[in-house]
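Trainee: Got chain E sorted already, so can you dock chains H and U onto it with the hints?
Protein chains in written order, with the working numbering: chain E, 19 to 325; chain H, 19 to 325; chain U, 19 to 325.
It is worth saying that the hints were derived from the structure and are not from the lab.
Since copy identity is lost for identical chains, a pair holds within one copy or between any two.
Okay, derived cross-link-like pairs now, DSSO-like style, lysine-lysine, Cα gap no bigger than 30 Å in a straight line:
| id | residue 1 | residue 2 |
| --- | --- | --- |
| 1 | Lys116 | Lys172 |
| 2 | Lys60 | Lys38 |
| 3 | Lys200 | Lys171 |
| 4 | Lys60 | Lys27 |
| 5 | Lys27 | Lys51 |
| 6 | Lys273 | Lys235 |
| 7 | Lys277 | Lys116 |
| 8 | Lys116 | Lys273 |
| 9 | Lys235 | Lys179 |
| 10 | Lys116 | Lys51 |
| 11 | Lys116 | Lys171 |
| 12 | Lys247 | Lys116 |
| 13 | Lys116 | Lys179 |
| 14 | Lys51 | Lys277 |
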Amino acid sequence: MESRGWQRKDLLGLEELSKKEIEIILENARSFKEISEREIKKVPTLRGKTVGLLFFEPSTRTKLSFELSAKRLSADTLSFSSASSSIVKGESLLDTIKNIEAMRVDLVVIRSSSSGAVFQIAQQVSMGVINAGDGCHEHPTQGLLDLFTIYQKKGRIEGLKVCIVGDIAHSRVARSDIYGLKKLNAEVVVCGPATLIPSQIEKLGVRVSYSLEEALKDADVLNILRIQKERGVDCQIPSWREYRQQFGITRERLKRARKDILIMHPGPINRGVEIDSEIADLSSSILEQVNNGLAVRMAIIYLLANR
Amino acid sequence: MESRGWQRKDLLGLEELSKKEIEIILENARSFKEISEREIKKVPTLRGKTVGLLFFEPSTRTKLSFELSAKRLSADTLSFSSASSSIVKGESLLDTIKNIEAMRVDLVVIRSSSSGAVFQIAQQVSMGVINAGDGCHEHPTQGLLDLFTIYQKKGRIEGLKVCIVGDIAHSRVARSDIYGLKKLNAEVVVCGPATLIPSQIEKLGVRVSYSLEEALKDADVLNILRIQKERGVDCQIPSWREYRQQFGITRERLKRARKDILIMHPGPINRGVEIDSEIADLSSSILEQVNNGLAVRMAIIYLLANR
Amino acid sequence: MESRGWQRKDLLGLEELSKKEIEIILENARSFKEISEREIKKVPTLRGKTVGLLFFEPSTRTKLSFELSAKRLSADTLSFSSASSSIVKGESLLDTIKNIEAMRVDLVVIRSSSSGAVFQIAQQVSMGVINAGDGCHEHPTQGLLDLFTIYQKKGRIEGLKVCIVGDIAHSRVARSDIYGLKKLNAEVVVCGPATLIPSQIEKLGVRVSYSLEEALKDADVLNILRIQKERGVDCQIPSWREYRQQFGITRERLKRARKDILIMHPGPINRGVEIDSEIADLSSSILEQVNNGLAVRMAIIYLLANR
Numbered sequence: 019m020e021s022r023g024w025q026r027k028d029l030l031g032l033e034e035l036s037k038k039e040i041e042i043i044l045e046n047a048r049s050f051k052e053i054s055e056r057e058i059k060k061v062p063t064l065r066g067k068t069v070g071l072l073f074f075e076p077s078t079r080t081k082l083s084f085e086l087s088a089k090r091l092s093a094d095t096l097s098f099s100s101a102s103s104s105i106v107k108g109e110s111l112l113d114t115i116k117n118i119e120a121m122r123v124d125l126v127v128i129r130s131s132s133s134g135a136v137f138q139i140a141q142q143v144s145m146g147v148i149n150a151g152d153g154c155h156e157h158p159t160q161g162l163l164d165l166f167t168i169y170q171k172k173g174r175i176e177g178l179k180v181c182i183v184g185d186i187a188h189s190r191v192a193r194s195d196i197y198g199l200k201k202l203n204a205e206v207v208v209c210g211p212a213t214l215i216p217s218q219i220e221k222l223g224v225r226v227s228y229s230l231e232e233a234l235k236d237a238d239v240l241n242i243l244r245i246q247k248e249r250g251v252d253c254q255i256p257s258w259r260e261y262r263q264q265f266g267i268t269r270e271r272l273k274r275a276r277k278d279i280l281i282m283h284p285g286p287i288n289r290g291v292e293i294d295s296e297i298a299d300l301s302s303s304i305l306e307q308v309n310n311g312l313a314v315r316m317a318i319i320y321l322l323a324n325r
Numbered sequence: 019m020e021s022r023g024w025q026r027k028d029l030l031g032l033e034e035l036s037k038k039e040i041e042i043i044l045e046n047a048r049s050f051k052e053i054s055e056r057e058i059k060k061v062p063t064l065r066g067k068t069v070g071l072l073f074f075e076p077s078t079r080t081k082l083s084f085e086l087s088a089k090r091l092s093a094d095t096l097s098f099s100s101a102s103s104s105i106v107k108g109e110s111l112l113d114t115i116k117n118i119e120a121m122r123v124d125l126v127v128i129r130s131s132s133s134g135a136v137f138q139i140a141q142q143v144s145m146g147v148i149n150a151g152d153g154c155h156e157h158p159t160q161g162l163l164d165l166f167t168i169y170q171k172k173g174r175i176e177g178l179k180v181c182i183v184g185d186i187a188h189s190r191v192a193r194s195d196i197y198g199l200k201k202l203n204a205e206v207v208v209c210g211p212a213t214l215i216p217s218q219i220e221k222l223g224v225r226v227s228y229s230l231e232e233a234l235k236d237a238d239v240l241n242i243l244r245i246q247k248e249r250g251v252d253c254q255i256p257s258w259r260e261y262r263q264q265f266g267i268t269r270e271r272l273k274r275a276r277k278d279i280l281i282m283h284p285g286p287i288n289r290g291v292e293i294d295s296e297i298a299d300l301s302s303s304i305l306e307q308v309n310n311g312l313a314v315r316m317a318i319i320y321l322l323a324n325r
Numbered sequence: 019m020e021s022r023g024w025q026r027k028d029l030l031g032l033e034e035l036s037k038k039e040i041e042i043i044l045e046n047a048r049s050f051k052e053i054s055e056r057e058i059k060k061v062p063t064l065r066g067k068t069v070g071l072l073f074f075e076p077s078t079r080t081k082l083s084f085e086l087s088a089k090r091l092s093a094d095t096l097s098f099s100s101a102s103s104s105i106v107k108g109e110s111l112l113d114t115i116k117n118i119e120a121m122r123v124d125l126v127v128i129r130s131s132s133s134g135a136v137f138q139i140a141q142q143v144s145m146g147v148i149n150a151g152d153g154c155h156e157h158p159t160q161g162l163l164d165l166f167t168i169y170q171k172k173g174r175i176e177g178l179k180v181c182i183v184g185d186i187a188h189s190r191v192a193r194s195d196i197y198g199l200k201k202l203n204a205e206v207v208v209c210g211p212a213t214l215i216p217s218q219i220e221k222l223g224v225r226v227s228y229s230l231e232e233a234l235k236d237a238d239v240l241n242i243l244r245i246q247k248e249r250g251v252d253c254q255i256p257s258w259r260e261y262r263q264q265f266g267i268t269r270e271r272l273k274r275a276r277k278d279i280l281i282m283h284p285g286p287i288n289r290g291v292e293i294d295s296e297i298a299d300l301s302s303s304i305l306e307q308v309n310n311g312l313a314v315r316m317a318i319i320y321l322l323a324n325r
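Extracted from the complex, chain E is given alone in its bound form (with noise of 0.2 Å):
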């Protein structure tokens, strides 16, 4: 592991980063991948430090992805939803992180439904944060393990054309991907339904295309978006069905695809909306992803501890 070269206290977006960080962060995913494939799974690295995790929206893999990780670099994590806290007492967001920082825990996961407040907490308190997800923002950990399941199955990403399909209005994960493969010099093509897709989008550095079939054509890379029913997506789409038949990928669609394509979706899955069963268990590289949001995470827990 190497943290020369890093100076950030907060990873916050993959916006504000250079290609150079980025690169720091995927070298050192490279080598906690390695450490979670041994025996002993464990490294003695982060021994008395804590991370504090705060999810205020419901997450499976990315909180017990950054639990694990700390616990693979042996730091003690502290866990805490909205529900069980003083948030329910009316105390601001603001204070119960400051009152964390009070107990001198060393970094802060958070997942908040509001887009930029993590950034604003990070302007106010001395530790260091990390954004598992703001809003319909960022959602910077998964577009850097996004990222390095590209770097670890293709061998490099400039050049690579990458297809991004699905909800890119709502999608944090389709923004941080965005940015760090422009960084990178991918070339990405997002691909939705009109009413899902952003009318400034091309400001990213993206084409845009209404045909998935247009939008297939040579790609190296193709990231599935989920259909978030839960943000209330329904409504902006004529139904599952018909999304399904235009942007669904299955078995048919990819025949016309490159062999060699690489099919990712951040999960959880919606079988048989945006992917069919299975693309999703015999094609797709979503364990993978999993797995890889491991590494990826143990080295930014990693960075930002050891500044």
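Mentor: Below, chains H and U without anything else, positioned relative to chain E:
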């Protein structure tokens, strides 16, 4: 500790275990029980291993017992319940568990309200799976701790007469107990209201009695099942008072039983319904069972993780 | 660290502690505070011990503080709340705790909405019990961290004039503070609306004032209590605005107080009600109290576990 002779990846039920396998677990439990009585109740055996705790039904003692067992072996634990997880986003249980496996969790402990769900999951993952209770099917660690308690208290199981009283129909504890006791050559009588005795129960090798007095005669062990209000059992018994009159364990009723009868209950108890407070507090082995549960679960986690 | 002179199994309230016992806790807290400022904030003192955390009311800082205190002493922690436990199956609190004791948990920390419940439990178990707040009765670790903060900031407690303002009637913090301050020979004035001052409070050795101006005169320490909306206090005060006008701590009001007055609040704060934001953020010791809470709780856990 000695894991020779243990081959299984999972602990799913006592129905499938051989007599030899049960004996390996009980022998290991004896060693681990000794550790729990030390000043420093922890061994480094499973350092760097991770045990996931997935409880989809309310639980105090079983969840805490597994969590503490794992921690006393120096394993890391990861908990989650359905309420805080992606299952609220519609993810399937199997997808959730596949994700956990992708994070290189070594063992998962699952409690589910659905009979058989844990078996199906175990077949689809390569990590070890422990059934912590599935619907009305089996609760193998409770069965094993009951066997261990009888063994510790009576010095043997073979040839003992064991009476199980209560709601046999809905009790996963009863089923696991019966499988285990029969394999170790105990004699088993089940007793309860006709509405709560399954019609084919004799096929498991037990005798049925509808009279508690008759069933208790010469019994070496009395295992009292909980009336599970939360499973809607109320409508199958005339009234709580009448249940107590016919099947509740009172001082009066025990006068005609053997003086050295071992009284057990898997908990949580309904005081004044299936068991009177003075029996529970002064004459039962209920808390000894809880203590033994820790030893048995340490043994099982140890055996599965060192396979 | 030094536990000589400490005999008690439990920490239930400041009412029962001697001056000497309070001093032992404060001396140990000073040592533990130093550990929290180290790079590696962890000592192996309680390796192999288990601390159970049973919070039956919402809590952020107290629960996290206890959890972190235990972890920094290298103890294992076990958490549970009523929502996820067998208490939803109707099990009594005492039965739940007897079960936890049977698992050889060394200490339990209990928060309960019922005044006196923690005392009753402590009498029935042989493991150590720490009261983390019971109804309107006592909150001894808050009382002790308040004493510790005064001691750290003022160098002494004897002879200081301490003003406690707010809802004295419902505040377990006020009661614990008063017991501790009087034992250490401070002078205490309580101040608030007549509806929120208990009629017999002078029996505890405090003076009552209904005028904040008068009470603040010459005060060395001002402890501002939280208006606990969640306890239905709203109906006992005319309006929040009126409360602020009479008893809220504002810059204006503090102009007539001593310049070196120490301003404390147990949190969580209601900004603009009992305390103005600028006072809370710029002139108070609130976060210092949170930090001291960790040291005090480490001291208490250490003393009880090493008895």
